[in-house]
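**Student:** As a plain string of letters, each chain reads:
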Amino acid sequence: MDALDKLGISWQLLLSQIINFGLLMVILQQLLYKPVLNMLEQRRQRIAEGLEQADKASNAAAEAEAEKQAILEEARREAQEVRAQATRDAERIAQDVRSRADQEAQEIRMKAQADAEAQTAAVMADARRQIADLAIAATEQILGRELADRDEQERFVADYLAQQNGSGS
Amino acid sequence: MNLLRALVLNARIRNATIGIIVLLVLSVVPVFNAPPPHVELAAEALLEHGPKWFTNGLLTTILVDLIIILMAVFAVSRMKEIPGAWQNIMEMLVEGMWNLTQSIAGHGSANSRKFFPWVITIFIFVLISNYIGLLPGFGSIGIYHSPAESHAQAELGNQIAMAGAETVAVSAAAEEGKPVLVPLFRSPSADLNMTLALALISVFMTQFFGVQALGMRYFTKFFKNPFKDGMGAVVGFFELIAEISKIISFSFRLFGNIFAGEVVLLVMAFLVTFLLPSIFYGLELFIGFIQALVFMLLTLAFFTMATVSHDDHH
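Quick mapping for you: the protein sequence lines, in order, are chains A and B.
Sequential numbering from 265 applies to the first sequence in my numbering.
Sequential numbering from 68 applies to the second sequence in my numbering.
Just chain A, with the same shape it has in the complex (with noise of 0.2 Å):
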């Protein structure tokens, strides 16, 4: 004992700085360590949902960009299609009309010809019976007196046309 004496040591003393650290860790356990810990715990978590939500911001953008540019695909082979389509109407409304108005001028060529056919047929058919007239004044002047038979004297001179048309022409 005397030793241990000299060395400071006493069991009271001894017995205090045991009572001192078992206090001493209970209140740090409750002041600093638990808090502390937990405000670690806290932060990692809150971090990892930050990161995540983070992660699903930018996914959600991605999808955002992917969508919008599907749409825009959409639109321009829509636009593509439309202009295509007018395109080919166009054509066909222009070959329609030019068709119709083909036809119709075929029509109005036609019957102009056919108006003018008429025209000359009845000029001809007109100058016939004007020149049978005066062939037969002419030969009644001729002859001096007309020819008894009047039908038999036309159908001579009929006779006579048709045969210089025949080989007049």
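Please keep in mind that the hints were generated in silico from the structure rather than gathered at the bench.
Cβ coordinates follow ideal geometry from the N, Cα and C atoms, glycine included.
Since no wrong hints were added, every one of them can be taken at face value.
As a list, the in silico EDC-like pairs of lysine to aspartate or glutamate whose alpha-carbon atoms are at most 16 Å apart: (1) A:K298 x B:E148; (2) A:K298 x B:E162; (3) B:K147 x A:E305; (4) B:K119 x A:D269.
Where chain B lies over chain A, by a calculated footprint (3+ residues, C-beta under 8 Å): (5) 294-301; (6) 306-318.
Label-pair ranges, simulated between beta-carbon atoms: (7) B:I315 x A:Q306: 40 to 48 Å; (8) B:R180 x A:A330: 43 to 51 Å; (9) A:K332 x B:S144: 50 to 58 Å; (10) A:A267 x B:F286: 28 to 36 Å; (11) B:A368 x A:A318: 40 to 48 Å; (12) A:E316 x B:F290: 53 to 61 Å; (13) B:I315 x A:L304: 35 to 43 Å.
Following the hints, position chain B against chain A.
**Tutor:** Coordinates of chain B only, in the frame set by chain A:
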């Protein structure tokens, strides 16, 4: 020549050189000489006629407690998700110790949670105890006692000083009749009561955790049937002695390092008043940290080893 030119031309180097020379010269001027070191192995009672248990070591222990609790209170009183500077430092300390505990006792294991408060409290308490002894005023501010009372203690201190360095064999008590200065503060780590208490706690809790984990099987480490396993019984006996000697190694390792460190600082201040002690202060800061870490890590390692069954080896 280059060195000489640098000494003259570079203002900073020149001033530093002059400062060093002035300090060294002042060190030998008798006015500035430090008093001969007063080395006392045991913590001394503060009041000459007061209770013997009220020692400077005890007073400083209470001071250390208050400092640690204040450190904790400042860190957690206004705890924020985004920590302030002090909260950050304390979080770093707790988290570092927590990770260290987990790396030895197992990540996320129940053992880690069980051991953690013990080992981190040991670390913080020992660290602050070690460092507080380095503060100015420790060992120099005190109360003068009449010489006769503390004669026996001083004699031992004198012997220690003798053994340490022949030239510093001057103790206050050796000069009979002069009053003895009893320092008001003494680092708790330089008080055997504290180191022995921690050693007892550490070794006792090792047995406690061992029994908690393995039941009575834990003691088969020490006691084996000598008729069935003669060699094992001998090994167990040595294990038992090793276990008991842990108390001594724990307590005297810490006490020796810190006490010797303080003596070294005193002796250096006595030999060369200025400059020289600064170098040893740096050394003492390092030793104070290492000793706290060693005490904590050894305790943690013993705790962990005690919870592992030894039967698996065979």
